[in-house]
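Engineer: Protein chains in written order, with our numbering: chain H, 130 to 351; chain U, 18 to 226.
Simulated from the structure, these hints should not be mistaken for laboratory data.
Quick caveat, the model's predicted, so the values are computed rather than measured.
Glycine included, each C-beta is placed from N, C-alpha and C at the ideal position.
Careful, some of the hints might be misleading.
Cβ-Cβ distance ranges computed for the label pairs, FRET-style [stated by the list, open to error]: (1) Val336/H with Gln194/U: 38 to 46 angstroms; (2) Asp191/U with Arg286/H: 54 to 62 angstroms; (3) Ser206/H with Asp151/U: 56 to 64 angstroms; (4) Ile244/H with Asp122/U: 49 to 57 angstroms; (5) Ser206/H with Asn84/U: 30 to 38 angstroms; (6) Asn84/U with Ala261/H: 43 to 51 angstroms.
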Amino acid sequence: MRAFWAIVAKDLLTELRLRQVLPTMLVLALVLTTVFGLAAQDEVRRSPQTAASALWLAFVFAGLLAVERAFASERESRTMPALMAAPLSRQTLLAAKCVSSGAMLLAVQAVMLPIALGVFDFAVRGPVLPLAGVLLAGDAALVVLGTLTGAMVAPSRVRGPLLSVLVLALLVPMMIFAAQTTAELAAAGWTPRAASLLAAMAAADVVFAAAAYLLCPWAVES
Amino acid sequence: MRWILATIGCAILTAAAVYAGAVWAPASQEGGNAYRMLYAHIPLAAHTLLAFTVATAAGAVYLARRNDAADRLARAAMACGVLLGAAMMLSGMIWARLAWNQWWDFRSQKLLFALLLWFLMVGYFLVRAGRPGDARQKTIAAVYCLIAYLDVPLVYFSSRLVAGDAHPASVALDHWQMRVALAAAFLAATAVHGLMLAALLRRQRHGVL
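Build the full structure now, drawing on both the sequences and the hints.
Structural biologist: Shown next as structure tokens:
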């Protein structure tokens with residue numbers, strides 16, 4: 130457990146000092162939200178469906194930047210062999226990378242959400258807690274699948290574009306769920322449909338996490 | 018010689034199935050003649066899923082045993098899946114044009130399901146691009162295969178979530194000739210799939226693909 134927190138702290142501290150991805154993530158999410166806002170006509174922009182979809186697309190692209198750096202940065206600074214030699218399992222390493230990428234994504238979302246609410250004229254009805262649940266459930270899938278795939282393609286020369294395509298293909302269904310649940314919360318509040326959608330997302334998260342746990346000894350390079 | 022015989026056999030079976038579906042089976046009451054595309058579409062859809070399943074199973078065997086033959090099978094099966102999936106969507110699009118007067122309808126959950134599934138299968142070849150024969154690449158391709166297959170139920174449910182049911186749920190095959198034509202189509206698709214898989218495996222063994 131100490132190794133886990135040490136890696137998380139190292140990643141976040143490095144990011145705070147060097148500011149490699151966080152500003153890019155934030156600006157990318159802002160630019161995308163603005164572009165989507167401009168692309169949609171007035172009446173379309175006010176539909177919760179459009180707003181939720183645009184918001185999640187912005188989050189996915191911002192999140193991709195974070196998960197790509199997770200393992201690529203270790204390769205570039207040639208610290209990967211040291212991590213491999215350290216007395217920690219691949220699972221611990223992957224989990225730590227997921228948590229540090231997830232923390233960055235959450236930081237971006239904390240800034241983006243109020244702005245997007247303004248751009249899209251988007252109101253959250255009912256309690257805010259379910260919305261936080263949807264964000265966490267969507268982020269978990271994005272971070273777990275993204276970091277695992279990022280570990281797989283880290284040695285590739287074209288890892289950036291490759292990771293985007295693979296993660297998007299894998300994540301489309303989860304993002305459909307996330308956008309639908311967010312739209313439902315915005316349109317009708319905490320309904321039984323929203324609850325069942327959120328439960329489905331949580332179940333998918335558990336499956337992806339279990340798969341990542343089992344497959345990461347092969348996915349993370351030796 | 019075996020290959021020539023197998024190819025001729027496959028061609029005869031396919032020609033017979035096409036004849037059975039396009040000419041011999043009667044027109045459908047509700048679907049007219051456009052429904053005949055079903056004889057190509059349904060077997061292709063079933064075989065696309067089968068190919069994906071075989072590729073995933075072979076990928077799992079590769080991870081467990083590091084068996085190169087399993088990796089070759091996974092790759093050949095996935096290539097079959099991509100080709101059959103493309104043919105399935107093409108046949109579906111022609112059917113859609115005939116039945117609904119449009120090539121594609123994003124309101125149809127089955128079309129969306131098929132397209133998302135196809136993207137997942139194409140992703141496998143992006144993982145494999147470059148450095149053929151590299152052990153690490155074989156490993157990550159197998160890992161990708163397993164994750165992508167796990168995604169299939171989610172793809173299914175998510176496409177139901179955003180799209181309606183514009184797709185015909187079923188066309189009643191109420192005449193015995195229709196059922197025989199469908200069986201012939203399945204037989205022909207199985208033969209073509211088998212031949213394709215064998216040919217791809219052979220090419221890989223000779224290091225062509």
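Engineer: Going through the numbered hints above, which ones does this structure break? Give me the numbers in ascending order.
Structural biologist: 3 and 4
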